[in-house]
Amino acid sequence: MIEIKKKEECCGCNACVQICPKNCISIQADTEGFWYPNVNEAKCVHCDMCVKVCPVINKEERKPEEIPVAFAVYAKDSILRDESSSGGIFSLLAEQVLQNGGTVFGAAFTSDWQVHHIAVNDKKNMYMLRGSKYLQSNIENTYIEAKRVLDSQKEVLFSGTGCQIEGLQRFLGKDYDNLTTVDILCHGVPSPKVWDKYRKYQEKQYNSKARDISFRNKSQGWRKFSLKIGFENGAEYSQILDEDIFMQLFLRNICLRPSCYNCKFKSLHRSSDITIGDFWGIESVAPDVDDDKGTSLVLTHTSKGDDRIRILIDKVKIHEVNAEIALPESAESRHSVAMHRKRRKFFSQLDKKEVDQLIKLLKEPIIERVKRKAKFFIRKIISCS
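Residue numbers for the sequence shown follow our numbering, beginning at 417 and rising by one.
Be aware that a few hints might be false.
To be verified - Label pairs and their computed distance ranges (CB to CB): (1) Leu-778 with Ala-445: 35 to 43 angstroms; (2) Lys-761 with Lys-570: 45 to 53 angstroms; (3) Asn-541 with Asp-612: 33 to 41 angstroms; (4) Gln-569 with Gln-636: 41 to 49 angstroms.
Hint data in this document are derived by calculation from the structure and do not stem from the laboratory. Even glycine gets a Cβ: it sits at the ideal position worked out from N, Cα and C.
With the sequences and hints as input, model every part of the structure.
Printed below as a string of structure tokens:
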């Protein structure tokens with residue numbers, strides 16, 4: 417049976433739960449708020465399906481093949497682009513599948529502002545999947561649902577983090593011509609418990625429940641995006657990423673899932689058909705498609721993925737780029753981020769202090785700040801050279 421001896425060896429993809437023929441595995445949150453499988457040993461028949469389906473245990477080293485084809489892309493539809501975190505490419509890919517009677521799977525908010533995976537069959541519901549959500553999405557039973565659709569010979573577009581996509585692939589156990597997989601350039605996933613605490617803190621500050629939330633509001637530009645919360649009483653909170661409490665906790669790596677510090681799925685070479693993300697550094701690589709309104713970096717790893725992108729040619733502005741330059745070795749989407757040295761202390765205080773007190777743990781001695789900024793500028797110079 418699946419047994420998690422080290423938490424950094426579980427990515428929380430939920431594949432083991434969905435493959436179990438006896439339904440004896442459940443997902444439970446630990447004290448940090450991350451999900452891990454729990455086996456009812458009395459019901460377990462020791463079939464080992466849960467072990468065989470685990471994308472971490474069975475992770476195979478991908479041999480470097482041809483460098484992926486890379487593009488700088490954004491949708492010509494300005495409204496769609498404004499509603500998207502970056503260039504609006506995911507929505508255009510989804511529309512292709514929906515027009516053919518298929519189903520799109522992706523991350524959506526729940527009624528209590530957590531994130532889970534859902535199936536969308538109608539274009540009018542695509543707004544639920546649009547926009548970045550900086551949380552780990554609960555996959556629930558969507559691998560099972562996707563297999564059901566695929567076996568009915570209908571198209572499926574399944575999006576998620578790299579670990580979620582490989583979890584799906586191991587769950588399915590075979591290739592499907594009618595499946596297109598899209599993974600994202602992922603920094604790491606923060607604790608849902610930390611997010612819940614932050615949201616409740618903001619609701620207390622504004623004396624109202626949250627009505628709508630955007631992690632990537634572009635009203636001040638794409639590069640300096642804001643976390644924006646609209647409240648039921650009409651009040652509004654908006655703060656750029658450098659000054660928002662949650663975004664700083666997330667980006668400074670103090671509240672990420674343990675497996676994110678030893679991620680096995682970050683690479684230039686992915687098992688997905690398509691990888692999408694923000695094209696940071698585009699001003700140096702492809703300035704012709706940079707207007708600070710959001711441009712997507714798209715990598716295609718298969719002929720299927722390449723065909724999907726090229727079909728969109730009339731709906732996008734697109735510029736082919738060198739993948740190694742667009743996503744250099746130093747990019748955080750190609751290697752695990754470093755764990756913050758105060759992470760353990762942060763989680764030990766999580767239930768005792770408000771987030772405005774916890775963020776003080778991010779303060780660094782002057783010498784550490786100088787070192788960090790120096791490393792940042794060195795990376796930037798390397799990526800632009």
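Do the hints match the structure? See the list:
{"no.": "1", "hint": "Leu-778 with Ala-445: 35 to 43 angstroms", "result": "violated (24 angstroms)"}
{"no.": "2", "hint": "Lys-761 with Lys-570: 45 to 53 angstroms", "result": "holds (50 angstroms)"}
{"no.": "3", "hint": "Asn-541 with Asp-612: 33 to 41 angstroms", "result": "violated (25 angstroms)"}
{"no.": "4", "hint": "Gln-569 with Gln-636: 41 to 49 angstroms", "result": "holds (46 angstroms)"}
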